[in-house]
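2 protein chains.
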Amino acid sequence: MSLVSRDPVLLTPGPLTTSLQTKSAMMRDWGSWDASFNAVTAKIRKQLLDIISGHETHVCVPMQGSGTFSVEAAVNTLVPRNGHMLVLINGAYGKRLARLVEMMRRKVTVFETAEDVPTTAQDVERLLAADKSITHVGLIHCETSTGILNPLADIAEVVAHHRRGLIIDAMSSFGALEINAQKIPFDAVIAASGKCIEGPPGMGFVLARKEVLEKCAGNSLSLSLDLYDQWVYMEKTTQWRFTPPTHIVVAFHEALNQFFAEGGQPARLARYTQNYETLMAGMTELGLTQFLKREIQAPIIVTINAPADAKYNFKDFYERVRDKGFILYPGKLTQAETFRVGCIGAIGQAEMRSAVNAVRDTLDEMGIRRGSKD
Amino acid sequence: MSLVSRDPVLLTPGPLTTSLQTKSAMMRDWGSWDASFNAVTAKIRKQLLDIISGHETHVCVPMQGSGTFSVEAAVNTLVPRNGHMLVLINGAYGKRLARLVEMMRRKVTVFETAEDVPTTAQDVERLLAADKSITHVGLIHCETSTGILNPLADIAEVVAHHRRGLIIDAMSSFGALEINAQKIPFDAVIAASGKCIEGPPGMGFVLARKEVLEKCAGNSLSLSLDLYDQWVYMEKTTQWRFTPPTHIVVAFHEALNQFFAEGGQPARLARYTQNYETLMAGMTELGLTQFLKREIQAPIIVTINAPADAKYNFKDFYERVRDKGFILYPGKLTQAETFRVGCIGAIGQAEMRSAVNAVRDTLDEMGIRRGSKD
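Line by line, the protein sequences give chains A and B. Numbered according to my numbering, the first sequence spans residues 1086 to 1459. Numbered according to my numbering, the second sequence spans residues 1086 to 1459.
Rather than coming from a laboratory, the hints here were simulated on the basis of the structure. Hints are not guaranteed to be accurate.
Which copy is meant is left open, so a pair is good if it fits within one copy or across any two.
As the list claims (entries may be wrong) - Listed below are the simulated BS3-like cross-link pairs for lysine-lysine, each with C-alpha atoms no more than 25 Å apart in a straight line:
| id | residue 1 | residue 2 |
| --- | --- | --- |
| 1 | K1321 | K1417 |
| 2 | K1417 | K1378 |
| 3 | K1131 | K1295 |
| 4 | K1180 | K1192 |
| 5 | K1400 | K1321 |
| 6 | K1217 | K1409 |
This one's a predicted model, so the numbers in the text were calculated from it and none came from an experiment.
Please model the complete structure; the sequences and the hints are all you need to start from.
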């Protein structure tokens, strides 16, 4: 790698590019017991509730580990041991959610559509009407496998109408797409530090409906991932129950400050949309097309059909683009050869245009003629 | 806090003071899918096995989250669902281990001694001879509650003689005290990044006996904390199964490089021993005594009896010492009023002596007369 001493531009679904200011926050050691650190934790919890306008209804519980750890903690705690969860699947993260529910010995029913087909509110209406034993619905807001957007607001309304609990994996969308607890009914929304808030990876968080979480003592089969215990302990002591990733927490706080300074979710969505449009304008110039229809493609991570040329292979392509300073992401589809490009992180139009140029130079070097497989 | 812009000296059991070089490694973003990052993961795994001379018998599986997450992953994966674990307790971490075993629905038997009494090999011999249904023994090597050292080598020999599995929580001791897989038989030893290797907190690791781990598919009740799955996936792909804390991983690697450059475990033990002796020489000057007998006190975290003066209260004392740049740690005992001082981290005699001076000035400010409660 030629740029080993420079920060590469990460065009990935997270970890993503963080700002210098965010990284700099990690240059200090904090005592996890000290009041100054606990004040940072309290601020983060408040800021995350601000994003969903959730102070009256929800509480924020941060959790150590990757985003999946927080998803597991939410299910483990919010779904009773005799609960029954309907998991809506159109990609790898939906499948992962179904698997972890099953491993925790909760009953699970899956509803799967193709990777380019969103779940609809009609689907959920039909499924809930047909099976009264379903207690919870699990939805991936934006499925990172492809970047497909599922219609959260419509589905949430149906789930609430049937008086079931909704658990939203908003890992890829939180902070970029609007999720307002005053408009959308849900039991929990889950995301992580290293996504659209643009912090470093290492912690997740669950924004859970307080009146639901209050009744969840004793549900968890796991000590570490017991969201109820984590919440009660934090409320009582202001501290994390087990050692927090202190450097990550303070950097995440710094990233949240920048998020609000930029203008919050609407501003972030606007920048990512511009990133997406800059990217796709460039890809179109190169004859490359996106896998999903535009109306279901979130401006977060884009699946692009691989060049149709037989000389293309992802590994070589990836390494050449990387050596120019840009980290792409592999496709995750079985049915089509694709690669993915993230539009998120502390990057803007300039980085997106430079990435397009690096892709063009790479295709030229590889002698690949223009045009996607599709 | 008067020193808000300076790095405080953390005299805590972790998170602890890390070197500037270690923190600086966090100033770069890494793609978690990229070969350069995966090479760092591979190096860490090798380095950790080097520390226990375990390459022929053991494998290293890193895990996201705090140390407790790794302890839970080890138990969840290595103890079959019909297993029976004997947990040896003389402090809070032993109790925590017993609790998580129980929550995961494995049978647990506890053996508890007072917080200043190590478990002995004779105790374990008697307990294992009396109950053939015990499949595993859980031991806290150095119990952070007090800093007490349990006789690992002797206990390990007894457990091996009875052909049961030994799972060692070496959170506080790993890297500082010798644990050699060629001399001491065990199924798993567990520690974390933010302890005696002097990295930032945010990941743990399990060094597990390969021939044991190989047979553990399907034991885990948790997806995130499935050590077997994490291992198999990492072996196959060189990547972490779920998003790794990239900045923490590279900083931990940097800390490991410094660990070996310093001279490995013997050098680290020598420095910590010197820190401990400097601390206790100073505390003795101030009339303060340690809670544990010297022969069972590891030079890692020291429990000190609070001053006997009625004017002493920990909160005020703590804040005054903190404002001088030194973060102490509260006691965790119910039977005696104490505070704790960590001897670990990227600190040496100069910092320990300065800390003693800050304690002296604080006692003088508070008008506290010399002499511990004991």
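Consistency of the hints with the structure:
1. In this assembly of identical chains, K1321 and K1417 lie within 25 Å of each other by CA distance solely across copies; the values are 17 Å between and 43 Å within a copy.
2. For a Cα distance limit of 25 Å, the shortest separation of K1417 from K1378 inside one copy, 17 Å, qualifies, whereas the shortest one across copies, 59 Å, does not.
3. When the C-alpha separation of K1131 and K1295 is checked against a cutoff of 25 Å, the pair qualifies only within one copy, where the shortest distance is 14 Å, while the shortest distance between copies is 45 Å.
4. When the C-alpha separation of K1180 and K1192 is checked against a cutoff of 25 Å, the pair qualifies only within one copy, where the shortest distance is 15 Å, while the shortest distance between copies is 31 Å.
5. Proximity of K1400 to K1321 under the C-alpha cut-off of 25 Å is restricted to the inter-copy arrangement: shortest distance 17 Å between copies versus 51 Å within a copy.
6. In this assembly of identical chains, K1217 and K1409 lie within 25 Å of each other by CA distance neither inside one copy nor across copies; the values are 55 Å within and 62 Å between.
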